[in-house]
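Peer 1: Sequence:
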Amino acid sequence: MIDAREDQAAGLRRLFRRAPPTVVAMYATGRHGAHNALRAAHCIAGRSERVILLDEAPGEASLAARLDLPQGPDLLSVLDGRCTPAELLQPVPGLLGRIATSAAALALPLLDAERREALLGAIRQIQRHTGFVLIHAAAQGADDPSPFVYAAPRRLVVAEASATGATEAYRVIKQLAAAGAGSLHVAVARAKSRAEAAAFFDSLDALVRRHVGAALAWLGEVERDDLAGGLAHPVAESSPREAEHAFLRRLSALGAASVPRAPMRR
3 MIDAREDQAA GLRRLFRRAP PTVVAMYATG RHGAHNALRA AHCIAGRSER VILLDEAPGE
63 ASLAARLDLP QGPDLLSVLD GRCTPAELLQ PVPGLLGRIA TSAAALALPL LDAERREALL
123 GAIRQIQRHT GFVLIHAAAQ GADDPSPFVY AAPRRLVVAE ASATGATEAY RVIKQLAAAG
183 AGSLHVAVAR AKSRAEAAAF FDSLDALVRR HVGAALAWLG EVERDDLAGG LAHPVAESSP
243 REAEHAFLRR LSALGAASVP RAPMRR
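In our numbering, the protein residues as written are 3 to 268.
If you're looking for bench data, these hints aren't it; they were derived computationally from the structure.
Warning: the hint list may mix true and false statements.
[Said to hold, decoys possible] The calculated lysine to aspartate or glutamate pairs, modelled on DMTMM-like cross-linking and capped at a C-alpha distance of 25 Å, are:
1. Lys176 / Asp204
2. Lys176 / Asp145
3. Lys176 / Asp146
4. Lys194 / Asp228
5. Lys194 / Asp146
6. Lys176 / Glu198
7. Lys176 / Asp207
8. Lys194 / Asp207
9. Lys194 / Asp204
10. Lys176 / Glu89
11. Lys194 / Asp227
[Said to hold, decoys possible] Pair by pair, the computed Cβ-Cβ distance ranges are:
12. Ala201 / Asp82: 50 to 58 Å
13. Leu108 / Pro72: 14 to 22 Å
14. Ala165 / Ala234: 30 to 38 Å
15. Pro72 / Ala165: 28 to 36 Å
16. Glu89 / Ser195: 17 to 25 Å
17. Arg52 / Thr86: 17 to 25 Å
18. His131 / Asp228: 15 to 23 Å
All residues carry an ideal CB built from backbone N, CA and C; glycine is no exception.
The task is simple: from the sequences and hints, build the whole structure.
Peer 2: Written out as structure tokens, the structure reads:
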């Protein structure tokens, strides 16, 4: 649970009252995981939403290679004045762009109060004109979610309709559930038909219900459905608006100390 340190972000709560972005932690699975993540991002952006990717996946798991981009300076570099948030944004056709955040995700719990607030201020600037913030997380690291994933009000698993995709999706869901995640949205990618996508989700949902006990919410197919619309109505949040107000509040509190092994907020 987030304690009284939530008051640290009171100013940011006021900022987001008017037009809060939708913040989603996204895990993509399968042999074409990076491609599936980008297809989901473009699907959301194609619904007239402004999308920024905060890419916290390290090394080869990041989206940089898939986008033919350099890894780029990390969000953490705003702390020493080397870059401004605007300079960090790498343009991506069809999206607002990508920002590398793997170092920032690792460092946040170790920062003192002044540097933590500076980092959160940079995120505030990034979100100011954004409709969606997608936190691209590495499927291999789902057993140890970053502060960004803990703080995100929504979590989305983009599951490739393949044996590899199903195996990885089950593992990611199981690990997130062990970390205390509540309901998870699932979007199916690369299915040959609507029937195949539905059958894939039903099989995954049954397996998860039987062995994990987590609730999965069917979001649809990446290639055919309105993912943005579905994410606007999260099953685990009674107040989506308050959920977005809470993103930096949670991030601030989680960064004030080591990331706890406490349940993610439902």
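Peer 1: Evaluate each hint against the coordinates.
Peer 2: Hints and how they fare:
As the CA atoms of lysine 176 and aspartate 204 are separated by approximately 16 Å, the hinted pair is consistent with the 25 Å bound. Taking the CA atoms of lysine 176 and aspartate 145, the gap is about 9 Å. The hint holds against a cut of 25 Å. A distance of roughly 12 Å separates the Cα atoms of lysine 176 and aspartate 146; the hinted pair therefore holds under the 25 Å criterion. For the hint linking lysine 194 to aspartate 228, the alpha-carbon distance of about 18 Å falls within 25 Å, and the restraint holds.
For a cut-off of 25 Å, the pair hint linking lysine 194 to aspartate 146 is broken: about 33 Å separates their Cα positions. Pair hint lysine 176 plus glutamate 198 holds up; C-alpha atoms about 23 Å apart against a cutoff of 25 Å. With a C-alpha separation of about 12 Å, the suggested pairing of lysine 176 with aspartate 207 holds against the 25 Å cut-off. Note on lysine 194 and aspartate 207: the hinted pairing holds, with a Cα-Cα distance of about 19 Å set against a maximum of 25 Å.
The suggested pairing of lysine 194 with aspartate 204 holds, with an alpha-carbon distance near 16 Å, which does not exceed 25 Å. For the given pair, lysine 176 sits about 37 Å from glutamate 89 by alpha-carbon distance, which is inconsistent with the 25 Å threshold. A hinted pair counts as satisfied when its Cα atoms are at most 25 Å apart, and lysine 194 with aspartate 227 qualifies at roughly 14 Å. For the pair alanine 201 and aspartate 82, the supplied restraint of 50 to 58 Å holds, since their beta-carbon distance comes to about 51 Å.
Checking the proposed 14 to 22 Å range against leucine 108 and proline 72 shows it holds: the Cβ atoms sit about 20 Å from each other. Restraint check, alanine 165 to alanine 234: a C-beta distance of roughly 32 Å satisfies the suggested window 30 to 38 Å. Range check, proline 72 to alanine 165: about 34 Å between beta-carbon atoms, so the 28 to 36 Å window is met. Checking the proposed 17 to 25 Å range against glutamate 89 and serine 195 shows it is violated: the Cβ atoms sit about 44 Å from each other.
Judged by the Cβ atoms, the range 17 to 25 Å given for arginine 52 and threonine 86 holds: they are separated by roughly 19 Å. The supplied range of 15 to 23 Å is met by histidine 131 and aspartate 228, whose beta-carbon atoms lie about 22 Å from each other.
Checked against the numbered hints above, the structure breaks hints 5, 10 and 16 and satisfies the rest.
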